[in-house]
Amino acid sequence: MASHAEHDDAQLVDALKRRDEAAFVQLVRRYQGPLLRLALVYAGSRAVAEEIVQDAWLGVLQGVEKFEGRSSFKTWLFRILVNRARTRAEREGRTVPFSALGGAALEPGEPAVAAERFRGPSDPQWPLHWAVPPRSWGASPEEQLLARETLDLVERVIAALPPAQREVITLRDVEGWAAEEVCNVLGISETNQRVLLHRARSRVRGALESHLDPS
Amino acid sequence: MATADVPELTCKDVVELVTDYVEGALSPLDRSRFDEHLSTCPYCQIYLAQMRETIRTLGHLPEEAVAPEALEALLARFRRWR
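Note that the protein sequences, when read in sequence, are chains A and B. Per the working numbering, residue 814 is the first one in the first sequence, and the count goes up by one each step. Per the working numbering, residue 22 is the first one in the second sequence, and the count goes up by one each step.
Chain A with its partners taken away, still in its complex shape (with noise of 0.2 Å):
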């Protein structure tokens, strides 16, 4: 997706070639909330997730000279995070997730709805059909979705997420990635990419349901 963003960065990108400092802080202004939000994902603590970005940064110090713009910078930039997070979490020996294990079948999940919320397989009438359906949260809900409590819950939910799955969900729907761009920088296939995104929403999606319509 060339987007205006990335055209811009391009510049940008040069002008940090030549060791121009306003460029630097641009880039920097940018990316550093989106970046740490992804580091948190690996780190233990935000001390840590800090440390990461610095390191990714360096990265980009290190290695810019010889960036040619053939992936995006964006997508290059949160590769180097990546890439330094996993490193370090495999040094101090934790695990890591991993998505980085691409092609892996991925591990049977719970499903998107309780199995209890539907009627049975042999059910008369409507077998597999809804049995404690949704309410509708109204005909405008951004009110209540959109208030601090709510955002609150929001990021606790996935903040307890499987690392995997957070990382697609907070690239792809936080961040507002297409998912070209997420497939890229986790090196994970599309389906993958869309399995866990599933997941990772329909566990929001369960969580926003309790707390509109605790009935």
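Worth flagging that the hints you see were computed from the coordinates, not collected in a lab. Note that CB positions come from ideal geometry on N, CA and C, so glycine has one too. Hints are supplied without guarantee of correctness; some may be wrong.
[As the list claims (entries may be wrong)] Simulated coverage check for chain B against chain A, where a stretch passes if three residues somewhere in it have a Cβ under 8 Å from a Cβ of chain A:
id, segment
1, 38-49
2, 69-78
3, 81-87
4, 90-96
Got chain A sorted already, so can you dock chain B onto it with the hints?
Chain B only, in chain A's frame:
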């Protein structure tokens, strides 16, 4: 267009296919089976609407705040690099 040899989707199928549906990843046949189910199932319409609301909400999380010291430390590194 459900035909005699293509079984109709159940609600349980729909909640598992919903991401492929919103991502545009269903085959044309599965997509029409999905639409067919939706057209007669108000509960799954609600489910789909909730999924879309969920995605929209995720896009509204506040940005991670960056410590000013972190920016300063980076700038110091940049100046050494330059």
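Query raised in the report: Among the hints numbered above, which are violated by the structure, and what are their numbers in rising order?
Result: Violated: none.
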